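S.K.: From the two separate chains plus the hints, produce the assembled complex.
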Amino acid sequence: MITKGVQGIVFTLACVAVDSLAAGGVVVIGHTGLGHLDAATLQKIYTGKVIELDGVAVTAINAHAGSELRNRFLRAFLNQDEDRYTAYWTVRRYIGKGASPREMPNSTDVINFVKTTPGAIGYIDETDLQPGLNVLLKPP
Amino acid sequence: MRDQRSAWWMGIAIGAFTAAVSAADYSVGGADLSISAFGTLGYAISDQPYSYQRFIDDSGTFQRDSLVGLQVDARFNSNIGATIQLKVAPKTSSDSGYEVTVPWAFVSFRPTNDWLIRVGKQRIPFYLYSETVDVGVTYEFARLPTEMYSIITSNDFTGLSIGKTWSLESGEVSLDGYWGMAETDYRYWVRDDIPPFQTPGAIFWAEDITAGGIVLSYRTEQDTYRIGVHRGTGEWKDDRLFVKTFPFVPLAPGIGYYQVNDLLPGPGVPTMPSITGTVVTLGAAIGLGAGFRLVGEFAQSTFEDTDVSQASRRGYVSVLKRAGNWTPYVTYAFLRSPAVERDFYRAVNYNTVPAFVPGATLINASQRIATDMFPIWDQYSVAIGTSYAFSATSKAKAEVLRTRVGQVSSLIDAPSFGNIRNEGITVFSLSYNFVF
Numbered sequence: 001m002i003t004k005g006v007q008g009i010v011f012t013l014a015c016v017a018v019d020s021l022a023a024g025g026v027v028v029i030g031h032t033g034l035g036h037l038d039a040a041t042l043q044k045i046y047t048g049k050v051i052e053l054d055g056v057a058v059t060a061i062n063a064h065a066g067s068e069l070r071n072r073f074l075r076a077f078l079n080q081d082e083d084r085y086t087a088y089w090t091v092r093r094y095i096g097k098g099a100s101p102r103e104m105p106n107s108t109d110v111i112n113f114v115k116t117t118p119g120a121i122g123y124i125d126e127t128d129l130q131p132g133l134n135v136l137l138k139p140p
Numbered sequence: 001m002r003d004q005r006s007a008w009w010m011g012i013a014i015g016a017f018t019a020a021v022s023a024a025d026y027s028v029g030g031a032d033l034s035i036s037a038f039g040t041l042g043y044a045i046s047d048q049p050y051s052y053q054r055f056i057d058d059s060g061t062f063q064r065d066s067l068v069g070l071q072v073d074a075r076f077n078s079n080i081g082a083t084i085q086l087k088v089a090p091k092t093s094s095d096s097g098y099e100v101t102v103p104w105a106f107v108s109f110r111p112t113n114d115w116l117i118r119v120g121k122q123r124i125p126f127y128l129y130s131e132t133v134d135v136g137v138t139y140e141f142a143r144l145p146t147e148m149y150s151i152i153t154s155n156d157f158t159g160l161s162i163g164k165t166w167s168l169e170s171g172e173v174s175l176d177g178y179w180g181m182a183e184t185d186y187r188y189w190v191r192d193d194i195p196p197f198q199t200p201g202a203i204f205w206a207e208d209i210t211a212g213g214i215v216l217s218y219r220t221e222q223d224t225y226r227i228g229v230h231r232g233t234g235e236w237k238d239d240r241l242f243v244k245t246f247p248f249v250p251l252a253p254g255i256g257y258y259q260v261n262d263l264l265p266g267p268g269v270p271t272m273p274s275i276t277g278t279v280v281t282l283g284a285a286i287g288l289g290a291g292f293r294l295v296g297e298f299a300q301s302t303f304e305d306t307d308v309s310q311a312s313r314r315g316y317v318s319v320l321k322r323a324g325n326w327t328p329y330v331t332y333a334f335l336r337s338p339a340v341e342r343d344f345y346r347a348v349n350y351n352t353v354p355a356f357v358p359g360a361t362l363i364n365a366s367q368r369i370a371t372d373m374f375p376i377w378d379q380y381s382v383a384i385g386t387s388y389a390f391s392a393t394s395k396a397k398a399e400v401l402r403t404r405v406g407q408v409s410s411l412i413d414a415p416s417f418g419n420i421r422n423e424g425i426t427v428f429s430l431s432y433n434f435v436f
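Going line by line, the protein sequences match chains A and B.
For the first sequence, my numbering begins at 1 and goes up steadily by one.
For the second sequence, my numbering begins at 1 and goes up steadily by one.
If we strip away everything but chain B, and leave its shape as in the complex, we get (with noise of 0.2 Å):
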């Protein structure tokens, strides 16, 4: 609550000093300086007693979308420019407290009018909406589907990235390639009691990432299209061991176990020190004529040696009207993982061995913390929502969020011993938006 309460106060600060200060451009030191602030204060509830997205509960929270970020562009010269930005939002490493963070310092080189160098922090352009995903006034969305959205916790990454620009009559393409290293929390939800061994709540891994990609965009005043490759290893901190499977070990005709720990009989849990994807995006925003527009994007992630991973397939579509200062839209948006992996989870989460065989309890229960740590998906949402700009600064959004759950979801905290499955969440956002 203390962390909660110092992350508001200090992010009113930021709000205060930005109102304050960004009335004018500075000059410092022969740099031009540009100060800008930007927010949401959200509202989200839904109509179910576990946690849904970490925060989203029957209770309601504004932990899921409310933010406040900070924001200073330096342009040095025409050619050399550099940019931070502070934001104060939920640590990723823990469900309690807020933590400030820094998701852009970089420096940008640009030595000619097509050629854009940045090294440092930045983002990882993932997605169309990768750079302002925590500036809702870009967007007309409540909230960017999560479906999409969620293919890995931290958008950001430490390296270097090139782009090139060709300007066409029709519009321009861009040719963007980056390389570097991130830092991403994991966040694995453990639904049972284990005593002494483990208590039900949230865990958090640390990981490392190396990864590189190249994207490729066609942008006209009205559309934009562009796809992605993406690829990347990831080691955990702290020398933690990927695994490529759970071995089946049997001890009588129709009965037996996954071996989930070498600590149970068996022929020992295959393992690797690091897993690498490859993740393929599409994404597309079309003007339709009369105000209408579709957007859309789709993903899918691979990962060699494994059958357990976060492979998927993702994606939405979204027809939005604009009316005036009104913007309706209608989205739909799936996230599933590939059938070796769904059949594989409910093989070892629905695998259970007789009372009579010694130490099963603990052996079916080990099965289940190993699924908890499954990233695994089946569901699908449709979301119904509009938004409303007072001004090209400020957005009000609300939208009413329906997402049916198949087999299993990662983005659900399940309750203890229960499975969430064949199961429908609704949510209803609220949110105020602005720049300044």
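Here chain A stands alone, though its shape is the one from the complex (with noise of 0.2 Å):
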């Protein structure tokens, strides 16, 4: 017999499971030559805010809107949802301070554009790491 201190243990890692699941499995990943990024800065290249990193040009590659990958990226690194990002980028495209980073469709095409332009940061899946990928940062 399962004591209910047990149930309990294991209903409490179950939540802990499924909430990893929600909001992790996103690693980001860059081109190589660049270092090591923390939340702060990670959040603002997704803002706009900043274009550069060392002296390197930074392009952020973004999953499409309303996918899955980019709603729990964007609760996993920028504390935010699809709806309140969409409308940070709103306001900054008309304020007149660009569009919101390019969209790719697919995780393949991430890391293709990632290996092969300098300075070039996306999102994919954790189970679609490759060897060799630069990995920036993971979920906390």
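Just to be clear, a hint being listed does not mean it is correct.
Said to hold, decoys possible - Cross-link-like lysine-lysine pairs, in silico, BS3-like; alpha carbons within 30 Å at most:
1. B:K237 - A:K44
2. A:K115 - A:K44
3. A:K49 - A:K138
4. A:K97 - B:K321
5. B:K164 - A:K97
To be verified - Simulated DEER-style distance windows between Cβ atoms:
6. B:V100 - A:K138: 44 to 52 Å
7. A:D83 - B:L33: 19 to 27 Å
8. A:K138 - B:A323: 35 to 43 Å
9. B:R313 - A:E52: 39 to 47 Å
10. B:E221 - A:E52: 50 to 58 Å
These are calculated hints, taken from the structure and not from any lab test.
Predicted, not measured: the structure shown is a model, and the values here were computed from it.
For every residue, glycine included, the Cβ atom is placed at its ideal position computed from N, Cα and C.
M.R.: Have a look at this one:
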């Protein structure tokens, strides 16, 4: 018979696992030569406030708006949802400070772009990681 | 009417084109292009037969708030970009018809994270919402308070702007400076009929302005604070002169007139070829917690060497509360000319010479017409409204506005041989706003 205490532990572990799946499992990758990022810098890159790191021009790549991967990325790293992120970039566009980062449809395209473009930064699902990719940041 | 239909067909074409092409970014000749569109379909109706804010009266109008626009953002690399915006909206040089204008057409250069340089046609950073004034989705108000957002007819200038940002732990501080030239149209409403010299109605004078200013802003995640100082010099396009004052010409004890025109006998109307003014602006948007937000702006403008100017104090304060998709708000706004200007307006407008004075009719009518050219205000408004966000890119808004006019307001088209004072106007507004 499983005691109530063990039931509670199992329940808690299950909640943590679900939460990790919901918010985690996304890794930020970058072109070789880019160093490790902190969360604050990553936020500034994806909100258009940072365009270069140590003299290297940065090109950020997003997944398509509304995709599950993008939702997990926004939650894990920007503490936002799609509506808030879209609203932010709507204002930014119409105050003349540019459009949101380019979007790519799948992890394969993101990986190819990051490998071949100096300064490129993108995010993929952890399960799509390949040997040799430069991981810049994982969810906390 | 043909102008209006043509312009709206163009607006629909812009919207359809953008809907078709905006599904993805484009790459052309090495540049990334992003195309977007925005628009507002707005209706407003008042309880008065005379026009308020050019178009609003008791017959209702779509002209006050409706517009459509298209914007193309080009990114050549991480440092250099360009933006062009087209807009279809009512003409600023006429009360009939629509026009396509280019509010923005600039190249931007961002040499580092913290510097931004722009050259070309862009927005004068007068207000908190200067840059997005035409994009209704980006704010909750059905209409940005006219008492504040009417310092100048056109918010666009062609020139140079430079911005520097300092990142702090708590937020960021930015200092923006600009200098350039603008063209704007001033609208005056002539009340009275003086055949053959003048017919009642709107007249438009075009002005060239050279201006510059600096704006200091502090932003955190929730709050924005800013202060700006702006200074400009204007010249009428058709070599018209600016009036310094109207000298009083006494005829007899207690009888006289203001010489409002050099055709009337008198010492001569002192004039100057240009007018120089200074505007100080303050603004703040503050998160109060629990979904409440406080937004307020204030501006004081002063002009040199004249009793007849757009000098004013104006501002508003608004409390908003986000509740799910709804954001109701209450706003108080005011707009008042200085006492010197109001007293002078009253003195000229209500001064009359008795009928036995030769030319009395023309003199009295001329004085009233001269005061029609006074930009003068004495009003406050209270608005209650709400927005409803269908999504991050579309909103509906509704508002009831009650404006109280004291002595006079140049935002009102007064009826012939009448004066609008100590009156109230109620305006109901409804709009749908979108971007895509």
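S.K.: So which of the earlier hints does this model not fit?
M.R.: 1 and 10
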